[in-house]
Amino acid sequence: MASMIEMQHIEKYYGAFHALKNINLTVAKGEKIVLCGPSGSGKSTLIRCINHLETIKSGEIVVAGHRLNDSQKAVDAVRREVGMVFQQFNLFPHKTVLENCILAPMRVRKLSRSEAEATARKYLERVRIGDQAEKYPAQLSGGQQQRVAIARALCMEPKAMLFDEPTSALDPEMVKEVLDTMVSLARDGMTMICVTHEMGFARQVADRVIFMADGQIVEENDPESFFSAPKHERTRAFLGEILAHH
Amino acid sequence: MGIQEFTYLLQGLAWTLFLTAIGFAGGIFFGLVVALMRVSPSAWLRVPAICWIGLFQGTPLLMQLFVAYFGLPLIGFDLPAWGAVSVALTAHASAFLGEIWRGAIQAVPKGQSEAAQALGLHGVSRMFDVVLPQAFKLSLPATVGFLVQLLKGTSLAAIVGFIELARAGTIVSNQIYRPLLVFGVVGAMYFAMCWPLSLWGRTLERRMAAGQAK
Ligand SMILES: Nc1ncnc2c1ncn2[C@@H]1O[C@H](COP(=O)(O)OP(=O)(O)OP(=O)(O)O)[C@@H](O)[C@H]1O
Ligand SMILES: [Mg+2]
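First to last, the protein sequences are chains E and F.
Under numbering that gives the first Met the number 0, the first residue of the first sequence carries the number 0, and numbering increases by one thereafter.
Under numbering that gives the first Met the number 0, the first residue of the second sequence carries the number 0, and numbering increases by one thereafter.
Not one of these hints is a red herring.
Mimicking DSSO-like on lysine-lysine, the simulated pairs with C-alpha atoms at most 30 Å apart in a straight line are:
{"hint": "1", "chain 1": "F", "residue 1": "Lys109", "chain 2": "E", "residue 2": "Lys134"}
{"hint": "2", "chain 1": "E", "residue 1": "Lys158", "chain 2": "E", "residue 2": "Lys175"}
{"hint": "3", "chain 1": "F", "residue 1": "Lys136", "chain 2": "E", "residue 2": "Lys109"}
{"hint": "4", "chain 1": "E", "residue 1": "Lys94", "chain 2": "E", "residue 2": "Lys158"}
{"hint": "5", "chain 1": "F", "residue 1": "Lys109", "chain 2": "E", "residue 2": "Lys175"}
{"hint": "6", "chain 1": "E", "residue 1": "Lys121", "chain 2": "E", "residue 2": "Lys109"}
{"hint": "7", "chain 1": "E", "residue 1": "Lys134", "chain 2": "F", "residue 2": "Lys136"}
{"hint": "8", "chain 1": "E", "residue 1": "Lys109", "chain 2": "F", "residue 2": "Lys109"}
{"hint": "9", "chain 1": "F", "residue 1": "Lys109", "chain 2": "E", "residue 2": "Lys94"}
{"hint": "10", "chain 1": "F", "residue 1": "Lys109", "chain 2": "E", "residue 2": "Lys20"}
Think of the hints as simulated: they come from the structure by calculation, not from any bench.
Based on the sequences and whatever the hints tell you, model everything.
Written out as C-alpha cells, the structure is:
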C-alpha cells in the first residue's frame with residue numbers, strides 16, 4: 000500500500016535540547032494514528048515537523064510523494080496536502096466563519112470567491128455548522144470553533160489531517176461534538192495523525208496507537224493490544240495515569 | 000479681538016490641521032514600512048529600522064524640525080518651509096508609528112501566523128490578511144494617542160518661522176495686547192481637536208480591555 004507520510008531517522012533540536020530522537024514513522028494512505036505520551040514528550044513537535052512548522056536537523060520526511068526540504072516549493076507542496084487542527088483553534092478572529100474558510104482556497108488554490116464559498120459551505124455543512132457561516136469566531140462556542148477549524152482545513156481538500164490535542168482546550172460537554180466530527184472524517188477514509196488522550200476515540204478509530212516519551216517512540220500497537228497489554232513500563236505508568244483521570 | 004484677527008487664527012488652525020494630516024498620512028505609510036522592516040527576519044532590513052526608530056525617538060522633535068529646515072537645503076533639497084516641516088513630521092511619525100505597530104504585530108498570538116502557514120498562505124498574505132488587521136486593531140488606542148501628540152507637536156513648527164495655530168496666536172497677541180484672550184481662544188481650539196481624539200482613544204482602549212477579559 001502507498002504510504003502517505005514517511006518519516007525516517009528524524010532528529011530535532013531546540014537549541015541544545017534534543018526534542019526528537021531517531022523518529023521513524025510510516026503512515027499508510029487512509030491510516031489513522033493516535034499519538035499519545037506525557038507532556039513534553041515531543042508529540043506536537045513530531046506532527047509540526049510534518050508540515051514544516053518546525054525544521055529538523057536531519058532525517059527525511061516525504062508527504063504524499065513530496066520530499067520535504069527547506070525550499071519554499073517543497074514546503075508549499077507539502078502544506079497543500081496536509082491540513083492541521085490546533086488545540087487553541089487559531090481561527091482568524093477578525094474574519095467571519097465563511098471568510099476563515101475561503102481565505103486559503105482563494106489565495107493558495109486560486110479559486111474564485113464563488114467557488115471557494117461553495118466549497119466552504121459544503122464543508123461547514125459537513126461539520127454541521129452551516130448555519131453559522133456569517134458569524135465571527137468569538138460568537139461561537141469552543142466546540143463550534145474547533146469544528147470550523149476542521150472545516151477550514153478541509154476546504155483545502157487535504158490528503159491527510161494532523162490534529163494536535165483538538166479537544167483538550169474544550170469544556171467537557173463539547174468534546175463529543177468535535178470527536179464525532181473526527182470519527183466521521185475517519186470513516187470517510189481520511190489519513191489522520193491525532194495527538195490526543197481521548198482513549199475512547201483511539202479505540203474507536205485508530206489503526207495504530209503510538210506512545211512517545213522523551214522524544215522517542217517507545218511503543219506502538221493496534222489499540223486493542225496497546226490498551227490491554229502495554230509492553231513497556233512507561234506505557235503502563237502513562238495509561239494508569241490517564242485512566243485515573245477519566 | 001476682531002474678525003480679522005480671528006480669521007488669522009483660523010488660518011493658523013488650518014495649517015495645524017494640514018501639517019497633522021500630512022505627518023499622519025506620511026507616518027502611516029512609512030510607519031508601516033518601518034514596522035514591517037522591524038519585524039523582518041532579515042537583519043539587513045531590521046537593523047536600519049531599529050536605527051531609524053532609535054534616532055527619532057531619541058532626539059527632540061524640535062531638533063528634527065531644525066535639521067529638516069536648515070539641513071535639507073544644504074544637501075540640495077530646497078523645500079518651502081511647509082515642505083521641510085512635512086518631511087520632519089513624516090519621518091518623526093514613521094518612527095513612532097513604526098514602533099507602536101511593531102509591538103502590535105508581535106502581540107498577535109503566534110498561533111495565528113502558524114495557522115496561516117499550515118494553510119499554505121505565504122508571507123505577504125499572512126501579514127496583510129491575517130496579522131496586520133489584528134495588529135492594527137490592537138494598536139488603535141496607542142495610534143490615536145500618538146495622533147494627539149503629533150497634533151500638539153506641530154506647534155513646534157513655529158520655531159522655523161512657520162505660522163501654524165500657536166504661532167498665529169503669538170502674533171495676534173502681540174498685535175492686540177490681549178494675551179489671555181488670544182491664548183484662551185487658541186487653547187480652546189487645540190482642546191476642541193485633541194479632546195475628542197483622546198476620548199475616542201480611551202473608548203477604544205476600554206472596549207479592548209473588556210474584549211480581553213472575556
Ligand atoms: N519552541 C521551543 N523552544 C524550545 N523548546 C521547545 C519548543 N517547543 C517545544 N520545546 C520543548 O520540546 C519538548 C517537546 O515539546 P512538545 O510541545 O512537542 O511536547 P508535547 O508532547 O506536545 O507536550 P504537551 O502534551 O505538553 O503538548 C518539551 O520539552 C518542550 O519544552
Ligand atoms: Mg503538545
